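K.L.:
Listed below are the residues making up each chain.
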Amino acid sequence: MKIAVCVSHVPDTAAKINIGNDGINIDQSGVTFVVNPYDEFAVEEALKSKEKFGGETVAISLGSDANKESLRKALAMGIDNAVLLKENGYRDSLSVAKALADEIKVQGAELVFLGKQSVDFDNSVVGQLVSELLGYNCVSVAVSFTLDGNKIICEREIEGGKEIVETNLPAVITCQKGLNDPRYASLKGIMAAKKKEIVEKAAFAADNYVEVISMKKPASKQAGKIIGTDSSAVPELVRLLREEAKVI
Amino acid sequence: MANKFLVFIEQRSGIVKKSSLEAVKVAADFSARLSGNVEAVTIGNEIEGLDKIGAYGVSKVTFFKNSELVNYSPSAYTELISKFAIENGFDHLFFGATSMGKDLAPYVSVKVDAGLAMDCVMLNTNGSEIIATRPIYGGKALIDVKIKSPIKIFALRPNVFNPGIPSDNKAEVIVINADNPNLSVRVTDIKKAEAKLDVSEADVIVSGGRGMKGPEHFHLVEELAQILGAASGASRAVVDAGWRPHGEQIGQTGKTVSPTLYVALGISGAIQHLAGMRSSKYIVAVNKDKDAPIFQIADYGIVGDLFEVVPAMIEEIKKIK
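Residue numbers (my numbering), protein chains in the order written: chain A, 509 to 756; chain B, 11 to 331.
The hints are simulated quantities; they were obtained by calculation from the structure and are not laboratory data.
Note that this is a predicted model, so its numbers are computed, not measured.
Glycine included, C-beta positions come from ideal geometry on N, C-alpha and C.
Treat the hints loosely; a few may be bogus.
[Unchecked claim] Ranges of calculated distance between the beta carbons of each label pair, as one might list FRET restraints:
id: 1; chain 1: A; residue 1: G531; chain 2: B; residue 2: D299; range: 51 to 57 Å
id: 2; chain 1: A; residue 1: K703; chain 2: B; residue 2: D299; range: 28 to 34 Å
id: 3; chain 1: B; residue 1: K70; chain 2: A; residue 2: K524; range: 46 to 52 Å
id: 4; chain 1: A; residue 1: K613; chain 2: B; residue 2: D178; range: 50 to 56 Å
id: 5; chain 1: A; residue 1: P743; chain 2: B; residue 2: S77; range: 38 to 44 Å
[Claimed, not checked] DSS-like, lysine-lysine: derived pairs with alpha carbons at most 25 Å apart:
id: 6; chain 1: A; residue 1: K606; chain 2: A; residue 2: K594
id: 7; chain 1: A; residue 1: K754; chain 2: B; residue 2: K14
id: 8; chain 1: B; residue 1: K93; chain 2: A; residue 2: K754
id: 9; chain 1: B; residue 1: K27; chain 2: B; residue 2: K201
id: 10; chain 1: A; residue 1: K524; chain 2: B; residue 2: K28
id: 11; chain 1: B; residue 1: K27; chain 2: B; residue 2: K75
id: 12; chain 1: A; residue 1: K524; chain 2: A; residue 2: K613
id: 13; chain 1: A; residue 1: K729; chain 2: B; residue 2: K93
id: 14; chain 1: B; residue 1: K202; chain 2: A; residue 2: K754
id: 15; chain 1: A; residue 1: K606; chain 2: B; residue 2: K328
id: 16; chain 1: A; residue 1: K733; chain 2: B; residue 2: K121
id: 17; chain 1: B; residue 1: K14; chain 2: B; residue 2: K156
id: 18; chain 1: A; residue 1: K729; chain 2: B; residue 2: K298
id: 19; chain 1: B; residue 1: K27; chain 2: A; residue 2: K659
id: 20; chain 1: A; residue 1: K510; chain 2: A; residue 2: K702
id: 21; chain 1: B; residue 1: K201; chain 2: A; residue 2: K733
id: 22; chain 1: A; residue 1: K754; chain 2: A; residue 2: K576
id: 23; chain 1: B; residue 1: K331; chain 2: A; residue 2: K754
id: 24; chain 1: A; residue 1: K510; chain 2: A; residue 2: K733
id: 25; chain 1: B; residue 1: K28; chain 2: A; residue 2: K606
id: 26; chain 1: A; residue 1: K659; chain 2: B; residue 2: K329
id: 27; chain 1: B; residue 1: K121; chain 2: B; residue 2: K180
id: 28; chain 1: A; residue 1: K510; chain 2: A; residue 2: K729
id: 29; chain 1: B; residue 1: K291; chain 2: B; residue 2: K27
id: 30; chain 1: B; residue 1: K156; chain 2: A; residue 2: K733
id: 31; chain 1: A; residue 1: K729; chain 2: A; residue 2: K696
id: 32; chain 1: A; residue 1: K725; chain 2: B; residue 2: K201
id: 33; chain 1: B; residue 1: K201; chain 2: A; residue 2: K724
id: 34; chain 1: A; residue 1: K606; chain 2: B; residue 2: K202
id: 35; chain 1: A; residue 1: K754; chain 2: B; residue 2: K291
id: 36; chain 1: A; residue 1: K729; chain 2: B; residue 2: K291
id: 37; chain 1: B; residue 1: K156; chain 2: A; residue 2: K725
id: 38; chain 1: A; residue 1: K576; chain 2: A; residue 2: K606
id: 39; chain 1: A; residue 1: K702; chain 2: A; residue 2: K729
id: 40; chain 1: B; residue 1: K300; chain 2: A; residue 2: K524
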């Protein structure tokens, strides 16, 4: 079975985000980029699936040469092949999904893993879009995944619980924290990944439906009052919550 | 442009979600501002009080009914909503950005060929079209977006928009039997978590961090949450340490929340945590370290030992409740 995993290359969650001079992009200076954290669960699930069911794994990333770093990480963890769909400009989620779906079709993958969202634009929609474009079934925000023959059973996280979802291959699964514990790349894996070729292709062209007009920082919240340093401050705190904030 | 608005009404166990009422109100307001009209659509088997959503601004609800649709089915919902939207010429579709809405809206967007603005926290118009504001980078920045495709989908973050005061209006409910639904993806069961209230839907949240010193002390978080009618949350550090389940994690790789009151106990305030809760209306922080970043955004702070302060808070609030 051919298994694909899509990885995005995003600012570290510890990074400070500042707006660039153009007012529609972030200022990338001093920002460290990493594999999207949720995509690590996707890579791990692809590797586990290959170990169980055999086949071949391919990692796909859309973006600039910088994305090779995230693809190398996927290779170092054990993914067999990597494809970079080259794109330097902005794409909305649907346009990203069209390029990924196009490559997944070329690869002939019938099981696809993605992170449940990229921690840059936080849309949490690309996996679902890819599945619908391909006519595949989809389970999003999966915290468990089992495959038996063609049949898939997943748990997906919802408000205050989990849904048990049943479907069949071919399928797209978007991965939530809790699905697995991503492995560390071994030294051998890291060395092997350096030698592997990353196939570069032009990304499938698609129009953007969603245009970014402006980007801004949220209004900064002002520091409030320090009411005290021990439990003697509690009555005043409760009074303020009750009378000033009117929240209790 | 026709400006025909359609709101998807989400039900769980036959009860309409509050986030759907928020979406109805927003869609009704904007359809009026853009000289359009608005309807609603829902899917399920038995749904309570559907006509009452008329109180939030729609006059007509179409209800696709089938006993096999008691639970969510992404494939069936996608087909029913997309077909209904296309056949009736709806060009503005609204969803709540709940776990169901986040799953469903993108499938529908492909089927109806629409651009999608997910997790909107504010909508405006420039006179003829809607401009949506949505958080990115876990809330560290915001973008304004415009959807250029003829059909547009907006998914609204729950708990942000005010559903307003309900009127006495009732909606006309049109029931359509949804025969042979496409169940290629279907929910077969729902497991409720032990926690009563989810952080993403809570109006008050009490969160614990590393300063709680161990999972055995989280009963303090839970007790305070209970008397405040709050959900319990957690920082990434304590979730990663295995003290608390991931569903409670607040921050950039957990849930982004905007409750009326957020109480941070023993949370220093890593940048990715602050991003996920800074839009809370009131923030209370209890932490030993006076230099903890959480105090920079807290409305009320106590620099002290939470093991002494929190029991006192519980006692004090009990007095007034």
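K.L.:
Against each hint, give a clear statement of whether it holds in the structure.
P.N.:
Verification of the supplied hints:
1. A:G531 x B:D299: 51 to 57 Å: At 36 Å between Cβs, range violated.
2. A:K703 x B:D299: 28 to 34 Å: 47 Å, violated
3. B:K70 x A:K524: 46 to 52 Å: 48 Å Cβ-Cβ, so the 46 to 52 Å window holds.
4. A:K613 x B:D178: 50 to 56 Å: Given a distance of about 54 Å, which is inside 50 to 56 Å, the answer is holds.
5. A:P743 x B:S77: 38 to 44 Å: 56 Å, violated
6. A:K606 x A:K594: 14 Å, holds
7. A:K754 x B:K14: Roughly 39 Å between the alpha carbons, so the hint for A:K754 and B:K14 is violated.
8. B:K93 x A:K754: Given that 25 Å is the threshold and the Cα spacing comes to 46 Å, the pair is violated.
9. B:K27 x B:K201: 18 Å, holds
10. A:K524 x B:K28: 34 Å, violated
11. B:K27 x B:K75: 17 Å, holds
12. A:K524 x A:K613: 37 Å, violated
13. A:K729 x B:K93: Violated, because 45 Å separates the two Cα atoms, which is more than 25 Å.
14. B:K202 x A:K754: Not satisfied, since the Cα-Cα distance of roughly 32 Å exceeds 25 Å.
15. A:K606 x B:K328: 56 Å, violated
16. A:K733 x B:K121: Violated, at about 52 Å.
17. B:K14 x B:K156: Holds, because 17 Å separates the two Cα atoms, which is no more than 25 Å.
18. A:K729 x B:K298: Roughly 21 Å separates the two Cα atoms, so the pair holds.
19. B:K27 x A:K659: 31 Å, violated
20. A:K510 x A:K702: 23 Å, holds
21. B:K201 x A:K733: Judged against 25 Å, a Cα distance of about 42 Å means the pair is violated.
22. A:K754 x A:K576: Roughly 52 Å separates the two Cα atoms, so the pair is violated.
23. B:K331 x A:K754: 14 Å, holds
24. A:K510 x A:K733: 58 Å, violated
25. B:K28 x A:K606: Status violated; Cα separation ~33 Å.
26. A:K659 x B:K329: Violated: A:K659 and B:K329 sit about 55 Å apart, past 25 Å.
27. B:K121 x B:K180: 31 Å, violated
28. A:K510 x A:K729: 49 Å, violated
29. B:K291 x B:K27: Holds, at roughly 22 Å.
30. B:K156 x A:K733: 39 Å, violated
31. A:K729 x A:K696: 48 Å, violated
32. A:K725 x B:K201: 38 Å, violated
33. B:K201 x A:K724: With Cα atoms ~39 Å apart, B:K201 and A:K724 exceed 25 Å; violated.
34. A:K606 x B:K202: Cα-Cα ~35 Å, so violated.
35. A:K754 x B:K291: Distance of about 11 Å is within 25 Å: holds.
36. A:K729 x B:K291: Judged against 25 Å, a Cα distance of about 10 Å means the pair holds.
37. B:K156 x A:K725: Cα-Cα ~18 Å, so holds.
38. A:K576 x A:K606: 20 Å, holds
39. A:K702 x A:K729: 45 Å, violated
40. B:K300 x A:K524: With Cα atoms ~22 Å apart, B:K300 and A:K524 stay inside 25 Å; holds.
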